[in-house]
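Chain by chain, the residues:
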Amino acid sequence: MADILRISEVSVRFGGIQALDHVSLSVAPGEAVGLVGPNGAGKTTLFDCISGRRRPSGGSVTFDGRSIDGVPGYKRARLGIGRTFQRLEVFPELTVREHIIVAERAHRGVGALWRDLLNLSRVRPEEQERVDAILDLVGLDHLADVPVAALGLGTCRLVELGRALACEPKLLLADEPSSGLDHNETDSLAMVLRVVQRERAMAVLLVEHDLQMVAKSVDRIVVLDIGKVIAEGRFDEVLAQPGVREAYLGAGA
Amino acid sequence: MSTLLGYVLPGIPYGCDFALMAVGLVITFRTTGVFNLAFGAQAFGAAFVFDLLVRSEGLPVWAAFVLSVLLLSPAVGLVLDRFLFSRIATTNMTAKIVSSVGLLIAIPQLLPILFGGSPRENPPSLWLDQAHVEFRLFGTAVNGSEVSTTVITLGAVAALLLFLRLSPAGLEMRAVVESRRLAQLQGIDSGKVAASAWALSSVMAGLAGVLLLPLSNVLNPTNPLQFTGLLVAGLTAAALARMRSIGVAFGAAIGLGVAQEVLELYFPNGALHTASVNAFPFIVLVGTLVGSKSLRSLGFRADPMAGVDPPPPPPSVSIRDPRLDVPMKWGFRALIVAFVVSGLTWVPGYWVTPLDAGLVYSTIFLSVTLITGASGQLSLCQASFAGVGAFAAGQLAAHFGLPVLLGAVVGGLMAAVLGAVLALLAARISGLILTLLTLAFALMADTFLFQYSWSGGSGTGVSVPRPVMGSIDFTSNRAFLVLALVVLLLCILLVALVQRGTTGRFLAAMRGSEPGAASLGINLLRARVTVFAMSAGIAGVGGAMFGSLYSPVSADSFVYEISLAFVVVVITTGSRRIEGAVQAGMSFAIIQFLFTYAPSRFQGLTPILFAFGALNYAQHPEGMVEYQKSRWMMRVSRLLARVDGRRGTAPTALAAGAAGNGMAGGVVGGSAPNGAPGLAGSPVGLSSGVVSPRG
Amino acid sequence: MNASYSTYRALFDVSFSVPAGTIVALLGANGAGKSTVARVATGLVAATSGKVLVGGRDVTRTAAHRIARMGVFHVPEGRGVFADLDVEENLRLALRRRVGARHLAEAMERAYTTFPVLAARRHQQAGTLSGGEQRILSLAGVLEAAPKLVIADELSLGLAPVIVDGVYEGLKAIHARGAALLVVEQQVDRALSLATHAVLLARGAVHWQGPPQQARAEMEELLAAGYAPPV
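Residue numbers (this note's numbering), protein chains in the order written: chain G, 1 to 253; chain S, 1 to 695; chain R, 1 to 231.
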């Protein structure tokens with residue numbers, strides 16, 4: 001089966017630091033891959049290259065069988081690359097429901113100005129159904145009409161997830177979804193993620209420090225250290241490798 | 001050759017004047033982190049005081065210089081730092097620029113109030129006399145003021161360069177701008193350093209002002225427009241220096257001065273002259289703003305210690321109890337009816353014009369609501385768009401006999417196209433640089449686009465007739481009231497549809513987080529072009545109405561300060577909501593009218609009133625009036641909730657929010673340990689919804 | 001010691017001490033509150049309750065720059081130098097107030113001799129230095145200033161092991177001159193190879209403290225419980 005995402009030899013340099021050094025990896029459709037590694041290993045930079053926020057200095061990214069180098073970020077989103085952020089990027093003034101509606105409409109391309117001017121931009125029943133389904137999925141139905149500014153961090157992470165899911169991505173990039181969450185929150189987030197991935201056959205690339213969450217959520221992990229892939233394979237096998245433990249627990253031993 | 005030299009040489013003192021401004025902007029930016037648009041205003045203030053001391057108080061020139069430049073100016077700088085800029089040190093670029101715009105408006109208007117408003121002719125020179133020819137160079141006479149300007153400028157710039165390069169204080173200032181926190185870790189008292197940077201920058205402004213005095217033959221406190229050309233050249237040189245290098249700023253300024261003189265040589269007169277000589281600085285300025293890669297990331301250098309600051313407070317969320325909706329809706333409708341009936345009947349004639357003006361201003365201000373409130377971009381050229389609308393309507397009526405209302409629509413469309421072009425030019429830039437681009441456009445319209453007989457009409461201005469539709473004649477002010485109201489309501493409808501519709505939500509998303517919006521597939525550029533075009537269009541239509549009300553209108557009605565005043569007024573009342581624009585428009589017109597009863601020196605108080613509101617922008621980005629309103633709404637809601645509590649029914653909106661908040665914790669296990677009370681609760685790590693959260 | 005960011009509480013009753021001349025390793029997972037401890041100690045973040053004592057003096061309410069002048073140095077996480085200034089200016093800034101204008105030149109020469117890599121880049125903007133060089137630049141400023149206590153926050157972050165070796169050499173040199181160190185670190189072994197005492201933070205509270213030899217085992221246990229590190 002063709003890979004949904006193939007990254008080949010991507011490199012990024014900034015400020016005298018080689019953030020990514022000829023990184024290659026691929027994700028099959030419907031597969032969940034964990035991307036782990038110490039802080040500063042280049043995980044978020046790699047995400048930025050995939051979602052189009054940063055242009056790599058070398059290498060190429062192929063999504064769903066076509067090269068997406070040079071495709072602007074918003075078009076990549078329309079192709080089916082969804083994303084959540086390590087530092088929250090929610091829209092404080094919108095309610096939870098509005099987040100989903102915005103995502104839904106951006107995805108379906110119904111944001112034309114003339115619709116607004118003819119007052120055609122009310123929420124239609126079938127749209128309402130889809131929005132409710134998403135809210136239900138991420139467990140935010142009871143908070144639908146609360147402005148996101150009034151919500152806690154954990155809830156905001158769910159809002160970001162729901163918003164990304166409303167775009168029906170073929171690939172979801174989840175950047176440290178558990179950071180700042182406590183144990184229970186992390187568990188429920190991992191569960192939602194796993195359920196959605198299986199039900200929708202959506203590929204997931206997960207950056208995460210909480211190895212427990214990674215273990216629960218992915219089929220395979222890739223270890224990144226100082227901009228390079230140093231190992232990949234099944235979770236327990238990879239973690240047993242001495243090189244990986246070293247990169248994590250320090251090279252001093 | 002010697003002819004060329006004859007033009008190059010006089011270019012140098014001009015260049016020096018530009019250099020003072022440019023270097024001042026760069027230094028202020030580097031030592032305080034603020035792009036101080038009010039630098040010119042500060043210079044003007046110091047020059048004014050200097051002149052006053054010399055001629056009214058009879059002080060010797062050196063004493064006046066010490067008092068005005070070395071004592072008063074730094075004192076003003078310290079006050080500005082203490083009460084304004086130190087409070088917004090860690091906020092975004094937009095807050096800083098709004099504050100400096102507020103100052104730019106307030107300072108020149110304060111002067112006539114303090115010292116009287118009569119123009120003063122032939123202001124004194126600091127050192128050598130202008131009338132006296134000092135020496136001849138290659139056959140060109142060099143007068144005293146040229147010598148003194150050049151020498152003092154060179155000396156001041158060299159001293160500043162040495163100070164910043166070599167003295168520990170200069171080093172500390174640069175460090176504090178980059179990161180207050182990191183500087184503190186090195187044992188530097190960041191607050192003190194920032195204060196002295198403001199004092200220094202103000203001395204620089206004072207020096208610039210006093211040196212520039214002989215340049216203008218008349219020092220007119222009520223019309224400090226003399227500084228416009230200076231502002232353009234200063235901006236250009238500062239932009240060419242990427243707001244960093246003092247040397248480049250200086251060189252670029254001299255180059256601009258010389259280039260302007262040389263252009264005079266090659267295009268001594270005619271259309272080419274105006275086009276080339278006047279357009280030249282703008283072409284360079286716009287080219288630099290749009291093209292420079294390093295300007296694009298200006299002010300975006302992340303403070304390495306940014307994570308230390310607690311998350312910014314959440315934006316005040318709409319907190320109206322839904323049960324108030326119906327009474328307020330009907331109240332609003334009743335108000336409109338009462339307004340029209342009163343305007344048509346019992347209101348005395350001389351009060352009708354300000355009411356007309358209020359409606360027209362409200363229309364124009366709606367454009368600010370759209371662009372600043374909805375999309376979070378700060379545009380400083382809305383009055384220019386209004387001018388485009390007014391002149392188009394007038395010219396089309398005069399030359400093609402087009403009905404005025406149709407002309408207004410065409411004018412609005414023309415402004416919209418201009419707005420779209422501006423937004424496309426700004427495709428890759430945002431924040432401060434975009435704001436500067438709009439300012440450049442305003443200055444360009446001001447200094448030459450509106451100066452042609454085919455645009456702003458030279459001299460007499462353009463007359464925009466009052467519309468006549470069949471048997472309905474809007475010539476009388478009372479009839480015009482109805483027309484202005486209809487136009488305003490149509491524009492309100494337009495803005496409301498956009499705000500409530502998908503576009504509005506996309507814009508709100510963009511304002512909240514650009515990366516977040518892009519990750520959903522929202523085309524940020526398209527959204528921005530749309531909102532710029534619509535906003536410009538509304539301003540254009542409003543401008544045509546303005547022209548029709550006050551016909552004839554000339555370029556003077558749409559100068560760049562008017563644009564600044566517009567933005568400041570709307571931001572003060574509240575740029576987020578439609579009623580903010582209407583309140584701003586009505587109160588602006590009415591207060592202005594009331595001040596016609598006051599002595600003439602107090603005429604400038606209207607903008608000052610609003611300018612002080614803008615200075616609070618950093619604390620209350622939603623606007624002062626809006627802030628007060630939401631406080632009252634909170635009170636009413638609480639009162640309603642208490643009444644409900646006594647009756648035993650469930651309080652609706654507020655309680656639902658509070659309960660929701662509680663549940664938010666419950667679902668995922670108590671994410672905010674201290675709990676956040678009510679809807680105004682505090683999120684953790686949220687970027688605030690201020691105009692530009694990225695700044 | 002308690003600390004909080006507005007309503008978000010980051011630390012819960014954290015207490016420990018750094019005796020003069022010792023090296024304490026502060027370990028813990030991402031978000032455990034390590035950096036917050038460091039920031040509270042140097043006055044960047046105000047503690048909501050509790051006390052911070054430096055050399056017996058209560059500095060809980062003292063401004064950060066005053067604490068810095070008392071000889072407490074904080075080498076912050078990430079970029080700890082001024083990117084817009086060059087190497088020389090960064091050093092001057094770090095040293096002038098601490099060694100006095102008169103000894104500034106000598107101190108800077110010593111710094112350049114100790115770290116030749118800096119001498120080679122004297123007039124290069126610090127922002128264009130590599131991560132490791134930036135870290136060394138921070139440390140060079142500290143080393144020559146005769147500090148009493150140095151708080152080093154995540155020095156190894158994002159650096160290749162070889163570079164980290166160099167950075168840790170710098171830390172050892174600082175300790176050799178008599179300063180106490182508080183080493184905040186995610187690379188457990190690194191920190192432990194140096195430390196005389198270890199403090200383990202988890203979720204904003206002290207989970208364990210004791211001799212470094214046992215810290216490794218405690219850490220493994222936390223890892224197994226899902227709290228721990230990698231990072």
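Heads up, some of the hints might be wrong.
Cut-off 30 Å, straight-line C-alpha distance, at most; resulting in silico cross-link-like pairs (DSSO-like, lysine-lysine) [unchecked claim]:
#1 LYS629/S - LYS329/S
#2 LYS192/S - LYS51/R
#3 LYS170/G - LYS228/G
#4 LYS172/R - LYS148/R
#5 LYS216/G - LYS170/G
#6 LYS75/G - LYS192/S
#7 LYS216/G - LYS228/G
#8 LYS75/G - LYS170/G
#9 LYS148/R - LYS192/S
It is worth saying that the hints were derived from the structure and are not from the lab.
The structure displayed is predicted, hence computed values, not measured ones.
Checked hints:
Restraint check for LYS629/S and LYS329/S: the C-alpha separation of about 16 Å stays at or below 30 Å, so the hint holds. The suggested pairing of LYS192/S with LYS51/R holds, with an alpha-carbon distance near 27 Å, which does not exceed 30 Å. For a cut-off of 30 Å, the pair hint linking LYS170/G to LYS228/G stands: about 26 Å separates their Cα positions. Distance restraint check for LYS172/R and LYS148/R: the Cα-Cα separation of roughly 14 Å lies within the 30 Å cut-off, and the hinted pair is therefore satisfied.
With a C-alpha separation of about 21 Å, the suggested pairing of LYS216/G with LYS170/G holds against the 30 Å cut-off. Using a Cα cut-off of 30 Å, the hinted pair LYS75/G and LYS192/S is violated, with the two alpha carbons roughly 48 Å apart. A threshold of 30 Å between alpha carbons decides the hint, and for LYS216/G with LYS228/G the separation of about 25 Å falls inside it, so the pair holds. Restraint check: the Cα-Cα separation between LYS75/G and LYS170/G comes to about 14 Å, which is no more than 30 Å; the hinted pair holds.
With a CA separation close to 26 Å, the supplied pair LYS148/R and LYS192/S stays within the 30 Å bound.
This entry does not satisfy hint 6, going by the numbered hints stated previously; all others are met.
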